[in-house]
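Kindly produce the complete structure, drawing on both the sequences and the hints.
There are 2 protein chains.
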Amino acid sequence: MNKVLDTGVNNVRNVSRYIFGQNCLAKLAEILSTHCTGPTGHTVYFVDSYFRENGSLIDRLPIEESDQVVFVSTVDEPTTDLIDTMCAQILSERSTMPRAIVGVGGGITLDTAKAISNLIGNGGRAEDYQGWDLLSKPGVYKVGIPTISGTGAEATRTCVMTNPRTGAKLGMNSDFTVFDQLLLDPDLSATVPRDQYFYTGMDAYIHCFEALRGSHRNVIGDAMSIQALDLCRQVFKSDQMMSDVNRANLMVASYLGGCAIATSYVGVVHPFSAGLSVVLGLHHGIANCIALMALSEFYKEEHDQLHAFADQQEIDVPKDICANLSEDAFENLYKATIVHEKPLTNALGADFHNILTREKVKQIFSRM
Amino acid sequence: MNKVLDTGVNNVRNVSRYIFGQNCLAKLAEILSTHCTGPTGHTVYFVDSYFRENGSLIDRLPIEESDQVVFVSTVDEPTTDLIDTMCAQILSERSTMPRAIVGVGGGITLDTAKAISNLIGNGGRAEDYQGWDLLSKPGVYKVGIPTISGTGAEATRTCVMTNPRTGAKLGMNSDFTVFDQLLLDPDLSATVPRDQYFYTGMDAYIHCFEALRGSHRNVIGDAMSIQALDLCRQVFKSDQMMSDVNRANLMVASYLGGCAIATSYVGVVHPFSAGLSVVLGLHHGIANCIALMALSEFYKEEHDQLHAFADQQEIDVPKDICANLSEDAFENLYKATIVHEKPLTNALGADFHNILTREKVKQIFSRM
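Residue numbers (the working numbering), protein chains in the order written: chain A, 1 to 368; chain B, 1 to 368.
Since the hints were derived computationally from the structure, they do not count as laboratory data. Be aware that a few hints might be false.
It does not matter which identical chain is meant; a pair holds if it fits inside one copy or across any two.
[As the list claims (entries may be wrong)] As a list, the in silico BS3-like pairs of lysine-lysine whose alpha-carbon atoms are at most 25 Å apart:
{"hint": "1", "residue 1": "K342", "residue 2": "K237"}
{"hint": "2", "residue 1": "K27", "residue 2": "K237"}
{"hint": "3", "residue 1": "K342", "residue 2": "K169"}
{"hint": "4", "residue 1": "K27", "residue 2": "K342"}
{"hint": "5", "residue 1": "K237", "residue 2": "K169"}
{"hint": "6", "residue 1": "K237", "residue 2": "K360"}
{"hint": "7", "residue 1": "K362", "residue 2": "K237"}
{"hint": "8", "residue 1": "K237", "residue 2": "K335"}
{"hint": "9", "residue 1": "K27", "residue 2": "K137"}
{"hint": "10", "residue 1": "K335", "residue 2": "K137"}
A quick note: this is a predicted structure, and the numbers were derived from the prediction, not measured.
Written out as structure tokens, the structure reads:
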């Protein structure tokens, strides 16, 4: 494996600006007035619905009278239809276009904010832009404020949506999807439930080691993955995985992991995890952990590490998820996994079908 | 020391896009036509004068008939007057404004490209913008293509110039100074002389450990510094420090080091190094190495490491530079060092004057 050649030679779009530090949320008003260069107008806030009832986050946002606040349910990952409906609703409530969009939450909320920004800027329907580089114009100026760490959604050029008609779970992959501004405030992840903190944090761990174990590598992505993994290990080996310092560590691991994956691909875990999400509706973080538990033959060291982390943190990774599934369900799991050709090729080579046969894939799922 | 709180809470401006990989220089024409959104016009290339006579780099740049090529001398670091003169010259040679600026070279060349871009965009004289956030408009779209690694100039928000009237060595510190695009092509550093490769590479090593040993820290800068240091160690401990892989490693270390330092400050080495540059005209990279050689009382481990790297790579770090200097010269060295309050406070605390007394500073310089 040549460590130097980036076979894709991606031109990577960075987040334009980021601010990191405890209580940096307090800078949001100043940032909106300084850096948002769009026409005058209001701000639309997308906020994880958890914060509607819990804590004081809402009171700390600089919401003005003309602004709109949309609470985003995180029960299901967004569909293209939901994005279309939300977008129409937002536009119908005001006579002027929004000047800025602010997403405050986890991957689903941040992806929703990105998708709506793109859709307002480009018109049409969300499904028109599912794929690669289909947007022709920048969206509305957008700020990402993660409240849970691991997915890397704050740093990536995609926003994942499911199309209910085609079943495709595919993002708007575009440079225009990248946030203009991030606020990385580790105070905001203090109230995350421990198990969710673990599952979501493991997403960074998993996509980083998958990138490092693949063939599509480059020194810059490797450097960011290595550092993100090191931070994850500090967090999950700590007897205070949710201390101030460790929440900061995991927030940085998530950002660096998102940056790293933008230069590379994932491996075997994510396709199996996607199968679990599509067929069984499991959330991405927990599905990753369940998948890795059954993939020790591909990632022995990391599988054992996950076991050790989960034991130490007393986190339960669900078992027997696929115990009583029908043959049809297994077939659907197989299809929803094997469709991910790029990561599987990255991990196993172009002949991955010979390794991951239908029988083999079903066998692996049956261990979950 | 609190690892979480970033005392400054900087809003960090990232380079908008970067592309990394062997021969990514070949993508320059495509990038200029795709991403440069300015009005039609020509491109101005700033190229390290080394490439006027050496190698085929010039032939590989997509220079068109209407474009301008300026060879940048790297004998001295740029003055504000030189920037003014170059800018006037460039504008006088064409009836239209340039659409893009491309800098191809080391820190001096990249800083020259940044400064000219800013000056064309903002008018006036270079010295008007020496300081913090004095530019009010973006400059001309600019691309940075480093051909030597270490200074981090490709990633930072400054471009260092000396004002011949005031003696101030100060950059245009501004978000507008940050490059719109980087091409990080490790092929381009293949022809760098070994000693220069070493001295310049050590700049990344030095500013990263200074940041990590200071009080103004944050997890994200730390993560990038740690990874940059690790890459530097791989390079300088290798018996092939200029192999393809190691040139790639050092190029990434330089970029990450530049990103890291944007969130933090340097320490004791850089102020002493600045003294050597201002008073004795030494270049930044070699001055850093000379300074660190005399600063073991502050950075024992890193001082010993520099010795070990230099021994292994058979690189000579000049000695007895200050052997025969006058009292006046020592006084000037003292003044040019002690003026750097921010890094010295970062390293030694607000009472750094009590540690670095006039006598002490002269003693340290007399060891160089």
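- Could you figure out if K237 and K335 sit no more than 25 Å apart (CA to CA) within one copy, between two copies, both or neither? Neither: 36 Å inside a chain and 48 Å across chains, both beyond 25 Å.
- Task: State whether the alpha carbon distance between K335 and K137 is at most 25 Å within one copy, between copies, both, or neither.
- Result: neither (34 Å within a copy, 52 Å between copies)
- Task: Give the relationship of K362 and K237 under a CA distance limit of 25 Å: within one copy only, between copies only, both, or neither.
- Result: neither (33 Å within a copy, 47 Å between copies)
- Message: For K27 and K237, with the copy left unspecified, which applies at a CA distance of at most 25 Å: within, between, both, or neither?
- Response: neither (32 Å within a copy, 43 Å between copies)
- Query: Between the shortest in-copy and the shortest cross-copy C-alpha distance, which are at most 25 Å for K342 and K237: within, between, both, or neither?
  - Reply: This pair counts as neither: shortest intra-copy Cα distance 32 Å, inter-copy 36 Å.
- Query: Given identical chains, is K237 near K360, meaning Cα to Cα at most 25 Å, within a copy, between copies, both, or neither?
  - Reply: Neither: 33 Å inside a chain and 44 Å across chains, both beyond 25 Å.
- Message: As a check of your reading, is K27 near K137 (CA-CA no more than 25 Å) within one copy, between copies, both or neither?
- Response: The answer is between: 22 Å across copies meets 25 Å, while 28 Å in one copy does not.
- Task: Could you figure out if K237 and K169 sit no more than 25 Å apart (CA to CA) within one copy, between two copies, both or neither?
- Result: neither (33 Å within a copy, 46 Å between copies)
- How would you classify K27 and K342 at a CA-CA limit of 25 Å: within, between, both, or neither? Between copies only: 23 Å across chains, 40 Å inside a chain, cut-off 25 Å.
- Message: Treating 25 Å as the Cα threshold, decide for K342 and K169: within, between, both or neither.
- Response: within (15 Å within a copy, 50 Å between copies)
The earlier numbered hints that this structure contradicts are 1, 2, 5, 6, 7, 8 and 10.
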